[in-house]
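Novice: Now for the letters of each chain:
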Amino acid sequence: MKRQRKTAISEDMTIYNAAAQKQMLLDVLADCDELDIDLSQVGEMDTAGFQILLLTKRAALKENKTVRLSAHSKAVTELLDLYNMASYFGDPMVIMASEHADVGKSKSGQSAA
Amino acid sequence: MDVIQQAYVVESRELLQMMEDNLLQMEGDGGDPDTINAVFRAAHTIKGGAGVIDCKFIVEFTHVLENVLDEMRAGAITADPELIEVLLACSDQLSTLIGCVESDSEPDDDVNKISLSLREKLQRYLGKAAATSLDVALSEGKVQFSGGGEMETDNWHISLRFGPDVLRKGMDPASFLRYLMELGKIIHLTTLPDAMPDAVDMDAESCYLGFEISYQSDADKSRIESVFDFVRDDCVVQIWPPHSKLADFISSIEALPEDTMRLGEILIRSGALTQHELDLALNTQSDREEDATATPKIGDVLVNQGAVTADVVEAAAVKQGRVAEKKTLESQLIRVQAAKLDQLIDLVGEMVIASAGANMLARKSGETALVETTSVISMLVEQIRDSALQLRMVQIGDTFSRFQRVVHDTSRELGKDIELVISGSEAELDKSVVEKLGDPLMHLVRNALDHGIESPQVRAACGKPARGTLRLNAYHESGSIVIEIIDDGAGMNREKILNKARERELIGPNQTLTDSEIYSLIFEPGFSTADKITNISGRGVGLDVVKRNITALRGSVDVESHEGRGSTFRIRLPLTLAIIDGFLVGVGKASYVIPLGTVVECIELSEKDRAETLNRKYINLRGEVLPFVRMREQFEVAEPGGKRENIVVVQYGGQKIGLVVDELMGEFQTVIKPLGSIFKHIKGIGGSTILGSGDVALILDVQSLVALATMQQNRTQAA
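Keeping their order, the protein sequence lines are chains A and B. Residue 43 in my numbering sits at position 43 of the first sequence, with consecutive numbering throughout. Residues are numbered in my numbering as their position in the second sequence, beginning at 1, plus a constant of 1000.
Treat the hints as calculated values from the structure; they're not laboratory data. There could be a bad hint or two in this list.
[Said to hold, decoys possible] Taking lysine-lysine pairs in the DSBU-like style, the calculated list, with each CA pair at most 30 Å apart, reads:
(1) B:K1589 <-> B:K1500
(2) B:K1221 <-> B:K1056
(3) B:K1683 <-> B:K1656
(4) A:K74 <-> B:K1221
(5) B:K1656 <-> B:K1617
(6) A:K74 <-> B:K1185
[Claimed, not checked] Sample of chain B residues lacking proximity to chain A, with all beta carbon distances greater than 10 Å (derived):
(7) L1167
(8) L1177
(9) H1188
(10) T1191
(11) A1199
(12) E1205
(13) A1460
(14) T1710
All residues carry an ideal CB built from backbone N, CA and C; glycine is no exception.
Using the sequences and the hints, build the whole thing.
Specialist: This is the structure in structure tokens:
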């Protein structure tokens, strides 16, 4: 039986919160096999925040666990698109990412489900 | 010439020197891969730099040279002496071309002609290599891709590796990428998080990302570069314009921290390279790896799809470590303009004078606290002076190793087999002295090569090894540096010199001379004992000039010779020309400075000695005859002296003499100020200095005083 957890990030994912968020996500991950991270409340995300997501995802892959990002906010989508890393996370925004130049313009801030 | 060109010229000259050294070494031992690599790298960097400053004639010339060197690296061409001759000629030609850059001129017809003929010669080697290679097609491929290959893509390619601190400094890689998108279009971008450590070690505030970007833009390179201006110190930025040279590209990739294989795949994905290009490049590269098994062929890797073998990781790590090591070494050196250093030394000199003045006033005032403070200051000033002078000190090794080429060329020209042995190259001396030392040294070396060392046949007949040895040696001795040029050749014929000197009436027919005096005759103007004049030396202009140059540096040169066993020329030079530690003495009202390095001891001239020495010019110093010079007489000081007189015993070049003075005033740091040319004929004075009181003191030229006293004594003895 896989242990599932859901967590939501309620603050901006910027360098100011990065250290705390890193610890939080890793702690939660240690406690479960499938982690769903709700990003709808992330109003701002910078490279430090991006790295935290990346780290969490990588740590999960290493231990054969699953990390899913869901309800990406506009800030998250934009940065993942810019870094062309959406496919790495493999969450339901892959299609948009591969055409990020067009999608970036037509999209109105809501991530596709 | 702008700053970049200037930097290029300086750097290229250094590289050329390195190239020449390595070529000469190659001639000696046939060339190991490291040496060949070093030569190749030098040529490669010179070419690269020439591209940057847009100097076509150097790029064109170096291109062929680079190709030949590349083939040598691959082992397709072996370094025979003939080829090394050509390569040496090429390095000379490069030096000429760089001279053109320096003087901001285009090379003239003569220079171009040489370039052309050298290129033809090189081309012949390339042709040979292609013909002898088993796989002609592959070899052509190599040649093409080692320098001429172009990337097939129309896009710019940008490699970014952000440093760990960028985020903390408030800069975000994302903003640079966004800015980049304003200038053009990002066709493809790959984020490289490979540098990010595991969760435990990962610092949430450090940046670990790198990017490979395929980019389309009409902007020029500097415009694109300017995007990264703010982050330049914290980010490795590499930008390749469309159709860059493939070889440059690949070699840069190799320098990146990520594994070459992985990067290769990324580049294909981003469209920077085609698979074909990468295959060719990597194959060529692994062909050249010394241990081909350590790097699996790209084909194997592609099968495994990114499963990188431990070998590769290890090899990459070692390579990376080496790069890091070299980087730190480089950053330990700073290039400073010589003029700035000179200015610093000048200022320090003034400070020495000023602090001496302050010191004197403090002592006069008798205030203990003040005296103490000023003495601390003068101690510090002394240390500053020493470190400032130290800055200008350079090792003599570079000067010495330049003669490898001279010995190589000259011995070839003369049909002799001569080896240059260098020792003591870590001995240091002032840069200004080194610069002026080049000519005299060159003269003496050529002299030794031509006259000193015999031809192999003659040597064999004398029972000596056919290969002659020329030694350059340097060491420090009592405040001066001694440079020896030692050959194991025929030595000088005492009688021949003597006869020649009599013939030219340099000495009287019955005059008897000591050995060292006889050998010193060769420094007389127009004196040559060479039976035949060669184009290397023997015209009789030379050794006198050497002597004059050395004397002008406050140094001396002497020679020691054993017939049949060789000669030793010994140059003695002060370590620096600017400041010396002096010993202040008084004669009458005037003060004189004796260079402290030459002072052996001070003794009082007793009443008895004074009475005895009224008519003779020597005293008995612990059973030794010590000739002396009375400064009062030497400088015709009119005022009567005090009751007591002292003798300062000085030594120069192994000779001791006494200088009779009135008063001993102690140590004194002295900034040497040159005397006007009016005074240049006055014997016994080397310069002047300003005392703390503002008075002028003359600096004694101990060397000439020693010569004077010795001559006087010899005359007395002869009489």
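Novice: Any Cβ of chain A at or closer than 10 Å to B:A1199, or is the non-interface label fine?
Specialist: violated, 5 Å
Novice: Can we confirm that no CB of chain A comes within 10 Å of the CB of B:H1188?
Specialist: Incorrect as stated: the minimum Cβ-Cβ distance to chain A is 8 Å, not above 10 Å.
Novice: Within a Cα-Cα threshold of 30 Å, do A:K74 and B:K1185 meet the stated pairing?
Specialist: holds, 22 Å
Novice: Beyond 10 Å on every Cβ pair: is that true for B:T1191 relative to chain A?
Specialist: Contrary to the label, B:T1191 does not stay out of reach of chain A, its closest Cβ about 4 Å off (not over 10 Å).
Novice: Just checking, B:L1167 versus chain A, shortest CB gap more than 10 Å?
Specialist: violated, 5 Å
Novice: Check whether the Cα positions of B:K1221 and B:K1056 lie no farther apart than 30 Å.
Specialist: Distance of about 19 Å is within 30 Å: holds.
Novice: Are B:K1656 and B:K1617 close enough, with their CA atoms no more than 30 Å apart?
Specialist: Holds, at about 13 Å.
Novice: Would you mind confirming whether the straight-line C-alpha gap from A:K74 to B:K1221 stays at or under 30 Å?
Specialist: Cα-Cα ~33 Å, so violated.
Novice: Between B:K1683 and B:K1656, does the CA-CA distance stay at or below 30 Å?
Specialist: With Cα atoms ~18 Å apart, B:K1683 and B:K1656 stay inside 30 Å; holds.
Novice: A cut-off of 10 Å on Cβ-Cβ distance, and B:A1460 was said to be off the interface with chain A. Does that hold?
Specialist: Given that every Cβ of chain A is farther than 10 Å from that of B:A1460, nearest at about 75 Å, it holds.
Novice: Taking C-beta pairs only, is B:L1177 more than 10 Å away from all of chain A?
Specialist: Nearest chain A Cβ is 6 Å from B:L1177, so the label is violated.
Novice: Confirm or reject: B:T1710 is not an interface residue toward chain A, with every Cβ-Cβ distance exceeding 10 Å.
Specialist: Given that every Cβ of chain A is farther than 10 Å from that of B:T1710, nearest at about 80 Å, it holds.
Checked against the numbered hints given earlier, this structure breaks hints 1, 4, 7, 8, 9, 10, 11, 12; the rest are met.
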